[in-house]
Amino acid sequence: MAMYTKEELFLAISTVIDPEVGFNLVEMGLIYDAESDDEGNVKVTMTLSTKACPLHQMIVQWVKESVEKMANIKEVDVEVVWEPVWNITMAADNVKKALAG
Amino acid sequence: MSSISQDFAPPFKLIAPFFILGGLFYILSTFYIFSFTSSDLYFSNPSVISFTHLFLLGFIMMTIFGAMAQLVPVVLEVGHFGVELFYAIWPLLLIGTLLMVFGFLYSAALLPYGGVVVLIAMMIFVMEIFMTIFKVKKLNLVMSSVLISNTFLFFGIIFGLVMALSYAGTLSFDISALLKAHVYLVIGGYISITIMGLSIVLVPMFTLAHDFSMRPLEIAISLMTLGVVSVVASTLIDIAALSYLGYALSFISLLFYFYIIYVIYRSRPRKENDVYAISLMISYSSLIGSLLLGISYFIVGSEELLLATAWLLFFGFFGFLITGHIYKIIPFLVWFERFSPLVGKQKIPMLADMVPYKSSQAQMIFCAVGVLLVTLAIVTKSDVLINAGASFLVVGAFAFFRSMLYMINFK
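So the protein lines, in turn, are chains A and B.
This note's numbering applies: residue 42 is where the first sequence begins, and numbers increase by one.
This note's numbering applies: residue 177 is where the second sequence begins, and numbers increase by one.
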């Protein structure tokens with residue numbers, strides 16, 4: 042039995058904003074998956090919009106901290122993956138619309 | 177965490193002097209234009225050479241070096257070999273640039289000293305970059321471009337020093353023969369290839385563009401490399417045909433480079449036309465304008481057209497590409513240092529909030545009009561247009577400096 046659902050974890054991570062574009066990581070489509078076990082261990086799988094992102098380590102840290110704020114969380118593991126490669130179709134409609142001007 | 181992150185964002189106090197001095201040299205360069213009349217506009221004029229060094233060394237190279245302190249780890253994906261070395265680079269480049277600018281204007285005896293000081297500054301820079309590259313396990317195309325461009329810079333400054341010593345009478349080489357190699361190594365070899373490599377990382381990063389082929393960039397960098405080698409070889413072995421081959425190769429290279437930028441522009445999901453996007457549009461339009469003027473020079477053969485080509489390339493293409501990226505780089509560095517520790521604790525600004533709207537727009541408009549007027553002034557040999565263009569550029573340069581100070585002091 043998972044301590045938190047994927048939706049609850051995504052909601053916590055949605056507090057993390059990309060300072061360059063001004064949208065949160067979840068609506069940007071950068072968070073691929075999040076799951077927890079019954080002991081409070083969480084695994085987040087995410088990507089970044091570019092491999093050359095200078096905020097790489099910071100963003101990972103922010104994601105970790107956003108989940109750690111939830112009650113009874115024991116450990117958070119954030120894995121950054123490059124497959125599938127992120128593209129704008131993964132973002133929410135409001136993001137696509139806003140970016141398109 | 178902080179020690180790792182700092183590899184990718186060096187302390188702002190290390191980079192700030194490069195940008196502030198670069199901005200001041202930009203202002204000085206625009207004031208300098210007032211001193212020209214149409215009869216002064218020829219390449220061998222010491223005043224034109226002095227002005228070129230003021231702008232290229234003082235603004236372009238100073239700003240590129242500062243930007244590289246932050247961008248090299250981003251592009252190479254490893255920390256600097258010794259980022260503290262950058263503390264030594266800007267004072268040396270400042271002194272060397274001033275000695276060279278005054279040397280060309282007032283006393284050739286200053287040139288060897290200026291040349292040596294610039295050489296030391298650039299050698300420190302090049303060696304730091306090489307040592308950083310050695311930390312990379314496998315070079316990709318962009319990383320290779322950094323290696324190639326810095327190798328050209330290394331040879332470019334050796335040629336420059338030999339020229340400075342010859343100009344002052346210490347050595348007796350044919351300066352006009354060396355000039356072509358020096359100019360091509362630094363402008364084609366270093367500045368152009370650096371721009372090609374870095375922009376292919378930065379432009380898609382800021383426009384969120386994906387799914388484009390890197391093949392045109394590969395061709396562009398290869399052709400520019402061959403072009404620079406051809407021109408340098410023509411200088412050393414005195415075969416004119418090699419020069420023309422080099423010109424043709426670099427011309428085609430820039431077309432390929434423009435093509436990949438155009439593809440990225442067309443496919444970009446982020447379509448807002450902020451100061452960054454418009455600066456880049458002006459920059460790349462200037463590149464095309466410069467290439468067209470270059471073609472006219474080869475058809476007509478008048479020196480004014482070659483001067484206008486160089487002017488539009490330097491102040492239009494290089495200038496706007498650099499000022500546009502400054503509106504991204506400074507906010508990031510200031511934000512990283514001042515606001516990133518507050519993430520999740522209090523409301524903090526987005527990067528776009530740190531760019532002053534009015535002064536950035538003023539800079540863009542006044543500089544664009546100024547660049548255009550001076551281009552026309554060179555082609556038509558009009559003193560009135562030179563002064564008109566300089567007036568616009570001075571206002572634009574002050575607006576740029578004001579924008580920089582606003583972003584640096586943003587609280």
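It is worth saying that the hints were derived from the structure and are not from the lab.
None of these values were measured; they are calculated from a predicted model.
Treat the hints with caution; some may be incorrect.
With a cut-off of at most 27 Å between alpha-carbon atoms, the simulated DSSO-like pairs for lysine-lysine come out as follows [claimed, not checked]:
1. Lys311/B with Lys47/A
2. Lys557/B with Lys189/B
3. Lys311/B with Lys189/B
4. Lys105/A with Lys92/A
5. Lys84/A with Lys115/A
6. Lys84/A with Lys189/B
7. Lys356/B with Lys92/A
8. Lys138/A with Lys356/B
9. Lys137/A with Lys311/B
10. Lys92/A with Lys557/B
11. Lys137/A with Lys115/A
12. Lys138/A with Lys84/A
13. Lys447/B with Lys105/A
14. Lys110/A with Lys447/B
15. Lys313/B with Lys92/A
16. Lys138/A with Lys92/A
17. Lys110/A with Lys189/B
18. Lys138/A with Lys110/A
19. Lys521/B with Lys447/B
20. Lys92/A with Lys534/B
21. Lys447/B with Lys137/A
22. Lys115/A with Lys447/B
23. Lys138/A with Lys587/B
24. Lys521/B with Lys189/B
25. Lys523/B with Lys138/A
These are the hints, each one checked on the structure:
{"no.": "1", "hint": "Lys311/B with Lys47/A", "in the structure": "violated, 39 Å"}
{"no.": "2", "hint": "Lys557/B with Lys189/B", "in the structure": "violated, 43 Å"}
{"no.": "3", "hint": "Lys311/B with Lys189/B", "in the structure": "holds, 25 Å"}
{"no.": "4", "hint": "Lys105/A with Lys92/A", "in the structure": "holds, 19 Å"}
{"no.": "5", "hint": "Lys84/A with Lys115/A", "in the structure": "holds, 11 Å"}
{"no.": "6", "hint": "Lys84/A with Lys189/B", "in the structure": "violated, 38 Å"}
{"no.": "7", "hint": "Lys356/B with Lys92/A", "in the structure": "violated, 38 Å"}
{"no.": "8", "hint": "Lys138/A with Lys356/B", "in the structure": "violated, 50 Å"}
{"no.": "9", "hint": "Lys137/A with Lys311/B", "in the structure": "violated, 38 Å"}
{"no.": "10", "hint": "Lys92/A with Lys557/B", "in the structure": "violated, 49 Å"}
{"no.": "11", "hint": "Lys137/A with Lys115/A", "in the structure": "violated, 35 Å"}
{"no.": "12", "hint": "Lys138/A with Lys84/A", "in the structure": "violated, 30 Å"}
{"no.": "13", "hint": "Lys447/B with Lys105/A", "in the structure": "violated, 31 Å"}
{"no.": "14", "hint": "Lys110/A with Lys447/B", "in the structure": "violated, 35 Å"}
{"no.": "15", "hint": "Lys313/B with Lys92/A", "in the structure": "holds, 16 Å"}
{"no.": "16", "hint": "Lys138/A with Lys92/A", "in the structure": "holds, 24 Å"}
{"no.": "17", "hint": "Lys110/A with Lys189/B", "in the structure": "violated, 33 Å"}
{"no.": "18", "hint": "Lys138/A with Lys110/A", "in the structure": "violated, 31 Å"}
{"no.": "19", "hint": "Lys521/B with Lys447/B", "in the structure": "violated, 31 Å"}
{"no.": "20", "hint": "Lys92/A with Lys534/B", "in the structure": "violated, 33 Å"}
{"no.": "21", "hint": "Lys447/B with Lys137/A", "in the structure": "holds, 10 Å"}
{"no.": "22", "hint": "Lys115/A with Lys447/B", "in the structure": "violated, 42 Å"}
{"no.": "23", "hint": "Lys138/A with Lys587/B", "in the structure": "violated, 31 Å"}
{"no.": "24", "hint": "Lys521/B with Lys189/B", "in the structure": "holds, 25 Å"}
{"no.": "25", "hint": "Lys523/B with Lys138/A", "in the structure": "holds, 25 Å"}
In the structure shown, a violation is registered for the earlier hints numbered 1, 2, 6, 7, 8, 9, 10, 11, 12, 13, 14, 17, 18, 19, 20, 22, 23, in ascending order.
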